[in-house]
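**Student:** Here is how the chains run, residue by residue.
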Amino acid sequence: MRALSIILAAAGLLAVAFGSTETLAAGAIEGGGRQALNVPAIVMFFLFVAMTLGITKWAASRARSAADFYAAGGGITGFQNGLAIAGDYMSAASFLGISGLVFATGFDGLIYSVGWLVGWPIVLFLIAERLRNLGRYTFADVVAFRLEPTPTRILASIGTLTVVAFYLIAQMVGAGKLIELLFGLPYLYAVILVGGLMIVYVAFGGMVATTWVQIIKAGLLLGGATFMAFMVLASFGFSPEAMFRAAVDIHPKHLAIMEPGGLVSDPISAISLGLALMFGTAGLPHILMRFFTVADAKAARKSVFYATGFIGYFYILTFIIGFGAITLLMNDPSYFKVAASGAYNKVGDLLGGTNMAAIHLANAVGGSLFLGFISAVAFATILAVVAGLTLAGASAISHDLYASVIAKGKVAEDKEVKLSKLSAIAIGVVAIMLGYLFENQNVAFMVGLAFAVAASCNFPVLLMSVFWKGTTSRGALIGGLLGLTAAVVMVVLSPAVWVKTFGFQAALFPYDNPALFSMAIAFVGIWLFSKIDATARARAEQGAFEAQYVRSETGIGAAGALAH
Amino acid sequence: MGETDVLRIRREPMFRELVDKRAHFAWTLSAAMLVIYFGFILLIAFAPKVLGVPIGGGVMTVGIPVGLFVIVSAFVLTGIYVHRANSVFDDLTHKIIEKVK
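Chains as they are written, first to last, in my numbering: chain A, 1 to 564; chain B, 1 to 101.
Misleading hints may appear alongside valid ones.
As the list claims (entries may be wrong) - Okay, the calculated bits of chain A under chain B, using three or more residues with CB under 8 Å as the criterion: (1) 64–72; (2) 201–215; (3) 242–256; (4) 519–525.
Unchecked claim - Below, simulated EDC-like cross-link-like pairs (lysine to aspartate or glutamate); rule was C-alpha separation at most 20 Å, straight line: (5) B:Lys99 / A:Glu546; (6) B:Lys101 / A:Glu546; (7) A:Lys298 / B:Glu3; (8) A:Lys298 / B:Asp91; (9) B:Lys49 / A:Asp68; (10) A:Lys177 / A:Glu546; (11) B:Lys21 / A:Asp266; (12) A:Lys298 / B:Asp20; (13) A:Lys469 / B:Asp20; (14) B:Lys101 / A:Asp296; (15) A:Lys469 / B:Glu3; (16) B:Lys49 / A:Asp296; (17) A:Lys298 / B:Glu98.
Hints in this document: simulated from the structure, not taken from any laboratory.
All C-beta atoms, glycine included, are put in the ideal place defined by N, C-alpha and C.
Next up, chain A with everything else stripped away, as it sits in the complex:
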């Protein structure tokens, strides 16, 4: 009952937020920064919200145990989990950002999107099954399997919360800006709306609701993008050559859009970014958590197979959508900010910026109703991603920090779940405040930083604890902290932050992405400090490797891990 009343209160908040927009939107149109109130988009968005709140209510009514809350009771199938992973991973930034990059630069957008995909096979080959066999709710379960729980869970929580914080700030700011643009809703309302909904999904529906929000979103996004790519290809008689030829004729860069441009200039940066994307994927806490929602290792590996298929397919669609936007938008001044002379820059003057290419294309191929649909999908996309992040952060606080570190495992299950729900609310409130605070800051580097930290702290600690017998708690703790610190410090000193954000003359660290160096620091740190760890505890931990190894490879004993 209490859950229902809060859901109703949230719906009321929505109504208030939208209701008060009409007056504000009028002023915004003159300013040009915000679009007029987009009625079909809002109607469709309301349908999505109503459906997901219904699911949340259903999930809340049946979620009782900690296993339900953190891992949907382990009852998600491989196919469903594959879709949910895709829904967790395909952010609005990758949909709008990559199609916008293709619109602006052509081929370079493809280079960028490829990097976001190639981490998945690595997750499958090295991580997924072992994670499922050893862990229960969070990846810290795996690290703490044979290592000392207190230091390793503190480390894993710091790694998780750092990744979640940077990722969440980037998502909140992006969400506020995007919703302001798409729905004509003021920035602050948009951020409160996103934060409020994610709190409701996670705090009341736990992993079950989060999973279904992600599945529905993935279905809508893949469906919408497929329709757009189909319409684009259909307008060229399904001949890619004809589409590319038209794009080359229309785009101001002409033939240059068909080959690599300036995205990859120096090899060190390129390799470093590649490493961060590839191994960062294998260290994202909200993604790793998804592997505990399936019944066994077999379902875990199927999830990755489906997820890789969906995500790869999606990136191929964004490439077609980007080229479609070039061919169908660039010669139509109604999509551009046109000077009095009638002239406009075919890339830079796109209304709302190049990130809006896919949104404008939706209007071009499907009219205002489809535009509304795609806008609602973009909103849904943000919600699914932030819900996953919030759940991962809340689990780190309740399951790792509270239940294991503070209460030393002596805590009632319902109390742990309650704390997790409170953590989700706290994270949501903090995310709203940070989103508001960072409104006019440059947050573009934050997703990259989240991946760098995931690749330099979470991934090395996880990999070494599972694969190398010699790993000790001290080695994992020091190595992980060194990797995390190195990643953050190097990003702060990099050109993107030190020069572009803080305004200093020259960067103290020459590369925008630190992963090549910070990952090496983490691995060497774990190895070195494990090697010189001569304590009796270290020997006991190394001795416990055999039992962990047998279970991680065979899953024997893992089935019982679901029950408390």
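Using the hints, position chain B against chain A.
**Tutor:** Just chain B now, kept in the frame of chain A:
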């Protein structure tokens, strides 16, 4: 699972076979993915013009199918792994579990 069970499984030849086969297979596929992806990135860094060569007199360049190949290869590699794991590795695992029961 007690200590004696761990030792029994550890000494089991089928367990050795499983972990050796799977480790070899998983690291080989990982290496394949790394070579494909970083090969692509290094090609872009050092010889971007290679990817700009047009195909068959049209505007489509070599880069487009190469980029698509990288995407498709990620999917195909996961498919290969899952197929083998679902048959060979799972069979071996079940045999080990049966034997030590």
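**Student:** Going through the numbered hints above, which ones does this structure break? Give me the numbers in ascending order.
**Tutor:** 1, 2, 4, 7, 9, 10, 11 and 16
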